[in-house]
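Participant: Each protein sequence line maps, in turn, to chains A, B and C. If you count by the UniProt record's numbering, then the first sequence holds residues 1 to 380, one letter each, in order. If you count by the UniProt record's numbering, then the second sequence holds residues 1 to 281, one letter each, in order. If you count by the UniProt record's numbering, then the third sequence holds residues 1 to 218, one letter each, in order.
By construction, these hints were calculated from the structure, which means they are not laboratory data. Quick caveat: nothing in here was measured; it's all calculated off a predicted structure. It cannot be assumed that every hint is accurate.
What the hints assert, rightly or not - Looking from chain C toward chain B, a few residues come up when the C-beta cut is under 7 Å (computed): (1) Asn79; (2) Glu86; (3) Gly130; (4) Asp169; (5) Asn174; (6) Leu175; (7) Thr180; (8) Glu181; (9) Gly182; (10) Thr183; (11) Ser185; (12) Tyr189; (13) Phe204.
Positions of the beta carbon are idealized from the N, C-alpha and C atoms, including for glycine.
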Amino acid sequence: MREQFLSNCEKNFIKKIILEGHRLDGRNYDESRKLDICFGSEYGSCIVSIGETKVLAQVSCEVVQPKQIRPNEGILYINVEISPMAAPQFEANRQTDLTVYLNRLLEKCYKDSKCIDLESLCIVVEEKVWSLRVDLKILNHEGNLIECSSIATLVSLAHFKRPDVTRSGESVIIHTLAENDPIPTVLYHYPVCLTFAIFQNNVLISDPSYIEETVCTSTTEDGNTIGGLLVVGMNQYKEICLLNHTEAAIHNSNIVHRAIQSAAERSKSVVDLIKAEIIRDDNLRQKRTKINFSDIITTNHVQSLSMKDLKICLKNYNINDIKMEEDNSPTEILDDKQDIKPEKSKYDVVASLPQTAEIKAKEGASTWIEISSESDVDSS
Amino acid sequence: MAEIFKHIYPSKYFNDYISRNVRPDGRKFDEHRDVKVNINAITSADASAAVKCGNSTVVCGIKLELAKPKAEEPDTGFLISNVELLPLCSSKFRPGPPSDHAQVINNIVSDIVMNSKCIDLKDLCLVHDKLAWVVYCDLVCLDYDGSIVDACIVAIMTSLKTLLLPSVSFDAETEEVKVDTSARLPLKIHGLPVATSFGIYEHIPRNIVLADPSAYEEEMCGGVGANLIVCWNKGLFCGIQKFGGSNLSTEDEKRTLVLAKEISKLVEGVIETCIKNDKVK
Amino acid sequence: MVPERLQDFKLKPLKCELNFLSKSDGSAILSQGDTVVLASVNGPLDIKTTSQNIEKATLEVLFCSKEGKPSVADRFKENVIRNTCETAILGCLYPRTGITLTIQELENYGGLLTCAVNCACLALINSGVGMRHVVAAVSCAVNEVGDLVLEPTQQEAESARALLYFVFDSRDKNLVTGFTEGTFSEDTYEEALVRCRLASDFVFQFYRDVVKKYSNVI
Numbered sequence: 001m002r003e004q005f006l007s008n009c010e011k012n013f014i015k016k017i018i019l020e021g022h023r024l025d026g027r028n029y030d031e032s033r034k035l036d037i038c039f040g041s042e043y044g045s046c047i048v049s050i051g052e053t054k055v056l057a058q059v060s061c062e063v064v065q066p067k068q069i070r071p072n073e074g075i076l077y078i079n080v081e082i083s084p085m086a087a088p089q090f091e092a093n094r095q096t097d098l099t100v101y102l103n104r105l106l107e108k109c110y111k112d113s114k115c116i117d118l119e120s121l122c123i124v125v126e127e128k129v130w131s132l133r134v135d136l137k138i139l140n141h142e143g144n145l146i147e148c149s150s151i152a153t154l155v156s157l158a159h160f161k162r163p164d165v166t167r168s169g170e171s172v173i174i175h176t177l178a179e180n181d182p183i184p185t186v187l188y189h190y191p192v193c194l195t196f197a198i199f200q201n202n203v204l205i206s207d208p209s210y211i212e213e214t215v216c217t218s219t220t221e222d223g224n225t226i227g228g229l230l231v232v233g234m235n236q237y238k239e240i241c242l243l244n245h246t247e248a249a250i251h252n253s254n255i256v257h258r259a260i261q262s263a264a265e266r267s268k269s270v271v272d273l274i275k276a277e278i279i280r281d282d283n284l285r286q287k288r289t290k291i292n293f294s295d296i297i298t299t300n301h302v303q304s305l306s307m308k309d310l311k312i313c314l315k316n317y318n319i320n321d322i323k324m325e326e327d328n329s330p331t332e333i334l335d336d337k338q339d340i341k342p343e344k345s346k347y348d349v350v351a352s353l354p355q356t357a358e359i360k361a362k363e364g365a366s367t368w369i370e371i372s373s374e375s376d377v378d379s380s
Numbered sequence: 001m002a003e004i005f006k007h008i009y010p011s012k013y014f015n016d017y018i019s020r021n022v023r024p025d026g027r028k029f030d031e032h033r034d035v036k037v038n039i040n041a042i043t044s045a046d047a048s049a050a051v052k053c054g055n056s057t058v059v060c061g062i063k064l065e066l067a068k069p070k071a072e073e074p075d076t077g078f079l080i081s082n083v084e085l086l087p088l089c090s091s092k093f094r095p096g097p098p099s100d101h102a103q104v105i106n107n108i109v110s111d112i113v114m115n116s117k118c119i120d121l122k123d124l125c126l127v128h129d130k131l132a133w134v135v136y137c138d139l140v141c142l143d144y145d146g147s148i149v150d151a152c153i154v155a156i157m158t159s160l161k162t163l164l165l166p167s168v169s170f171d172a173e174t175e176e177v178k179v180d181t182s183a184r185l186p187l188k189i190h191g192l193p194v195a196t197s198f199g200i201y202e203h204i205p206r207n208i209v210l211a212d213p214s215a216y217e218e219e220m221c222g223g224v225g226a227n228l229i230v231c232w233n234k235g236l237f238c239g240i241q242k243f244g245g246s247n248l249s250t251e252d253e254k255r256t257l258v259l260a261k262e263i264s265k266l267v268e269g270v271i272e273t274c275i276k277n278d279k280v281k
Numbered sequence: 001m002v003p004e005r006l007q008d009f010k011l012k013p014l015k016c017e018l019n020f021l022s023k024s025d026g027s028a029i030l031s032q033g034d035t036v037v038l039a040s041v042n043g044p045l046d047i048k049t050t051s052q053n054i055e056k057a058t059l060e061v062l063f064c065s066k067e068g069k070p071s072v073a074d075r076f077k078e079n080v081i082r083n084t085c086e087t088a089i090l091g092c093l094y095p096r097t098g099i100t101l102t103i104q105e106l107e108n109y110g111g112l113l114t115c116a117v118n119c120a121c122l123a124l125i126n127s128g129v130g131m132r133h134v135v136a137a138v139s140c141a142v143n144e145v146g147d148l149v150l151e152p153t154q155q156e157a158e159s160a161r162a163l164l165y166f167v168f169d170s171r172d173k174n175l176v177t178g179f180t181e182g183t184f185s186e187d188t189y190e191e192a193l194v195r196c197r198l199a200s201d202f203v204f205q206f207y208r209d210v211v212k213k214y215s216n217v218i
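In isolation and in its complexed conformation, chain A is listed as follows (with noise of 0.2 Å):
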């Protein structure tokens, strides 16, 4: 399927209401959504969500020969895959610019920043190395996949531990989970993308949903664009590791400077969180309780589209408040025949123009958010 575009009118309400400060789902402009990790039963495979945007990965590891450049190095190697589980307009099979793009980034964050010692992957100098290979998939994407994916490698690395190896002369043995203690592979620095939306050259604003995204990077009527997505890849040290630009140019050098503020405070604070998930997790398994991926199966949470984490909210779907409407709705209307005490009428019939009536609301009876317009503001 084609990918649907936006609608002028969509595009123009959220830019509207972002220069107005605020936000679709009622975020601050400096506020990601809810950062969650899960882990599954090997070692290596986690499934991190940012909101409702999913990504899957797994690390592997099987020994190989190393690169002729390289002889005392392990090789890492990272695959995105975006399939059309992630959104309906992904085919199957296909290379998106999007999975290269994607790719690219992760790589240059991963490998380039050598956050991994890769000289303690080498098992027998020149003839063998583990080569990791980490493979992500897109289970959902609700926009900000680069920062989701980024997280996701970054856990499933920092979790992974390959099996133990000892020489013997010239055979290597590798040694099964169960008969020797894995080993974790060692991280130097924990590096995280960050990623920002710039709409107008002077709006920031952190962890863009997918309709942010779209809008941001799409063109207006006049054939500009609104804005560009700024990705800065920082580590706990608050050491730049990566930064790219896409899109329109950017004429404000005090906006980068302010998201490479904003990213060194959330790069610490989602760095920490990883970290204890992962001692968490360690903990859980030398108890030998069972960790799988079947714990994420909730039980309470009947639709997707209502994002838990939304801060506007008409209802709130809970299964077990439907339950409870449903046992408690009998007792209930014997309660009213007793004292029915009729809801005010929200309308006011009015008698306006001569030979005519209307029904009118009353004021305030609406519950709908106002958005100021501009006139009003100049009135006021």
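Chains B and C: place on chain A using the hints.
Facilitator: For chains B and C alone, coordinates are given in the frame of chain A:
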């Protein structure tokens, strides 16, 4: 006139035949096509067989190679089969990398050969952790007219039965390998698996089971390839696979299994006679 | 005599959540014991003209394993799932469209394919695509002694003499799909078929429970 009718109303055309208890090529529902087997047609291969089931034609060539066994399984050799469906055999196939259908057929064929345990891969190992045979079975379809798995299994089994392994001497110290092609020994084969395909056509009042369906019949039954493949080996099943097509009731299934047994015995006979015939000459 | 013995068998515990993904038209995550599979359905949607079918919807199935490159075994699984789901879907209602079914393996501790078929069926129910019937997959192993084990664990499956997989429809419990590994006798086959057919009732009951729970939002 019938040709035009077939093109305008393909399903009505087929349905008309089925309601008169006959198939468009004149066969009865449980009747299968003639099978022809020829061996050693390819002289450059180590063993070969050409099989014709009706119009479906498959050629199998076996090539031998020596290799080091896998580190995880130091006592086993390799048997690698590859089915090719070239544009030559049917207009359905396009040139390029193997289609999904070819990969599925390949998977079914290699599964049947492995599941029937007719070849012990340990027999293919010559020296522990050092030397083993790699048997490459290349199956090429020349004409695709349905029930291709049956033809492939007959071709691969006949070739394997006629395969003679050269004797190999291995020097443990110098690791030198000597191959003597003049003294050859046959490979041990346990049993002879034979696959039988069926198509299941949705028909009122009951679904019809068609033995050995042609490509046209397979298409009418829905799904890609045959719907039901039953494989017998020495009085035991080594694979019953049903994919797509209409659903199969219990009574029909029982009858089909019995029919498959009869057909497999006949096909076994053809293969044995063919090999005996060659030896006499 | 057979059915009486069957009263006390148990399937692996099933756990399911529908609507797991927000971007797909229908999605389900299902765990059968320790095996977990995620499935998503999109459709009926516009597809390129070369793969359109004027009589029915084109079903595209993609099976993604957890790690490594796509293999021939994945193509085989896709074929099994596509053939099974094609009989279940009322494709003639949506001519010239495409329905894509994507299946992602999350954990594999035996019985991956049965879990994938059941999960695909739940995702199809969730997506609201018209269906003739639902399908339930049940697997069965023949152990070294020759006894039948329903829904084998990974260890049981590895040591088994044969493995049999069956998929039944919900209307007449007819066999929709079946495939086997290893060798077995005719009697074993018959008995396994009878047992699995009875066991499929548990899966259908589970589907009903799930639909009952989600009936407010499906």
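Participant: Among all the numbered hints in the text so far, which are the ones the structure does not match?
Facilitator: 3, 13
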